[in-house]
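Student: Please build the complete structure, drawing on both the sequences and the hints.
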Amino acid sequence: MTTPAPEFNKKLGFINAFTAATLMGFVGFFARHIDAQGDFIAFSRMMCGAILFFGILAYKGRIKELLAYKLSIPMILSGFFMGNCLSAYITATQHTSIANAVFFIYIGPIISTLLAVIFLKEKMKPATWFALVAVFIGMMMISGLMSVGPNGLSFGMEFSQETFFGDMMGLYSGVGYGLFLFLGRYRTEVPGDVRAFWNFVFALAGITILFIFTKPTISQMTSTDWMWWIGIGIVCGFGALGTCTIATRHLKAAEFACVSYWECVVAALFVGLLFYGEPLSSGQMIGGALIIIGGMSEVVISMLGKSLKKTDKQADAMGAL
Numbered sequence: 000m001t002t003p004a005p006e007f008n009k010k011l012g013f014i015n016a017f018t019a020a021t022l023m024g025f026v027g028f029f030a031r032h033i034d035a036q037g038d039f040i041a042f043s044r045m046m047c048g049a050i051l052f053f054g055i056l057a058y059k060g061r062i063k064e065l066l067a068y069k070l071s072i073p074m075i076l077s078g079f080f081m082g083n084c085l086s087a088y089i090t091a092t093q094h095t096s097i098a099n100a101v102f103f104i105y106i107g108p109i110i111s112t113l114l115a116v117i118f119l120k121e122k123m124k125p126a127t128w129f130a131l132v133a134v135f136i137g138m139m140m141i142s143g144l145m146s147v148g149p150n151g152l153s154f155g156m157e158f159s160q161e162t163f164f165g166d167m168m169g170l171y172s173g174v175g176y177g178l179f180l181f182l183g184r185y186r187t188e189v190p191g192d193v194r195a196f197w198n199f200v201f202a203l204a205g206i207t208i209l210f211i212f213t214k215p216t217i218s219q220m221t222s223t224d225w226m227w228w229i230g231i232g233i234v235c236g237f238g239a240l241g242t243c244t245i246a247t248r249h250l251k252a253a254e255f256a257c258v259s260y261w262e263c264v265v266a267a268l269f270v271g272l273l274f275y276g277e278p279l280s281s282g283q284m285i286g287g288a289l290i291i292i293g294g295m296s297e298v299v300i301s302m303l304g305k306s307l308k309k310t311d312k313q314a315d316a317m318g319a320l
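Residue numbers for the sequence shown follow numbering that gives the first Met the number 0, beginning at 0 and rising by one.
None of these hints come from the bench; they were simulated from the model.
Backbone N, C-alpha and C fix where the C-beta goes; we use that ideal spot for every residue, glycine too.
Among the hints, erroneous ones may be present.
Quick list of in silico lysine to aspartate or glutamate cross-link-like pairs, EDC-like style, CA-CA up to 20 Å [said to hold, decoys possible]:
| # | residue 1 | residue 2 |
| --- | --- | --- |
| 1 | Lys59 | Asp192 |
| 2 | Lys9 | Glu121 |
| 3 | Lys9 | Glu188 |
| 4 | Lys9 | Glu161 |
| 5 | Lys214 | Glu64 |
| 6 | Lys10 | Glu188 |
| 7 | Lys214 | Asp224 |
| 8 | Lys63 | Glu188 |
| 9 | Lys63 | Asp192 |
| 10 | Lys59 | Glu188 |
| 11 | Lys69 | Asp192 |
| 12 | Lys10 | Asp224 |
| 13 | Lys120 | Glu188 |
| 14 | Lys69 | Asp224 |
| 15 | Lys10 | Glu157 |
Derived DEER-like restraints, expressed as beta-carbon distance ranges [what the hints assert, rightly or not]:
| # | residue 1 | residue 2 | range |
| --- | --- | --- | --- |
| 16 | Met167 | Asp34 | 23 to 31 Å |
| 17 | Met226 | Ser153 | 38 to 46 Å |
| 18 | Leu279 | Met226 | 28 to 36 Å |
| 19 | Ile50 | Thr213 | 20 to 28 Å |
| 20 | Met156 | Ile62 | 31 to 39 Å |
| 21 | Phe129 | Gly54 | 40 to 48 Å |
| 22 | Ser280 | Lys214 | 36 to 44 Å |
| 23 | Phe212 | Pro125 | 41 to 49 Å |
| 24 | Phe269 | Ile55 | 26 to 34 Å |
| 25 | Met167 | Lys59 | 40 to 48 Å |
| 26 | Met220 | Trp128 | 43 to 51 Å |
| 27 | Ile211 | Leu66 | 24 to 32 Å |
| 28 | Leu11 | Val132 | 46 to 54 Å |
| 29 | Leu279 | Val132 | 36 to 44 Å |
Tutor: Now the structure itself:
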């Protein structure tokens, strides 16, 4: 019996991608209220995701589907890297500059795009390359890595021996993020909620292994800390990472990459400006505009291309009559 070809829904993919990026942008907001080690915070995101997706499948009477689809190496590694990259990112923010940590993790979508082009033969239109470059430059500007001055653009990334460990953890977070997104393009015949459950399970396993070395403590956590810990698990775990998994099933790597940088705008505008009164510089506003323009242009191009293909198929069908 052959496996039926999966149905791809671009609209559903982009909705989930924007939802994932929006909720991911609130990670810093929740994390600031939790007195705990970074990998233990990441553990909440994976645990809540696994429990809630299992609950959804149980409610729908689809538990048997968890065993109906055979596990594969890409499914296992996708979840493993999802958990590891987030733990590594939070660790990086504690040992190097925020700008460096942000830069490293956001090379992830670029890595996943290149891997998909090379190994999955996903085609890239010139307009998509332009959109990807625009959102990447926008990310560097909104995170403060690039700034606008009297002499034009300047690049402000710095490295030192003291921040070497943090930078390496940041690099690992970016590579891990890229591998998580790339491996999510395999086994697209598996339903999104089933795939999300296994992603969270293997992410939990990966983080638990890290606990052997990091030895996180929880004795300092208050009842308020625990409430925020559960909150970040539901919003930025189940919500953000669950919709991310569903989005990668329906979108090409480059399509998801262009939208994923919307997280930077959410973090800077909605969290930084509205909640904490952190002002935006002219360079950050330009960066935000580039991300919005680049991300929306890719959505329009992809949806328009799909619409044209559908029209062509209908015309061919009518011609055959």
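Student: Going through the earlier hints one by one, which of them does the structure break, listed in rising order?
Tutor: 4, 5, 12, 14, 15, 20, 28 and 29
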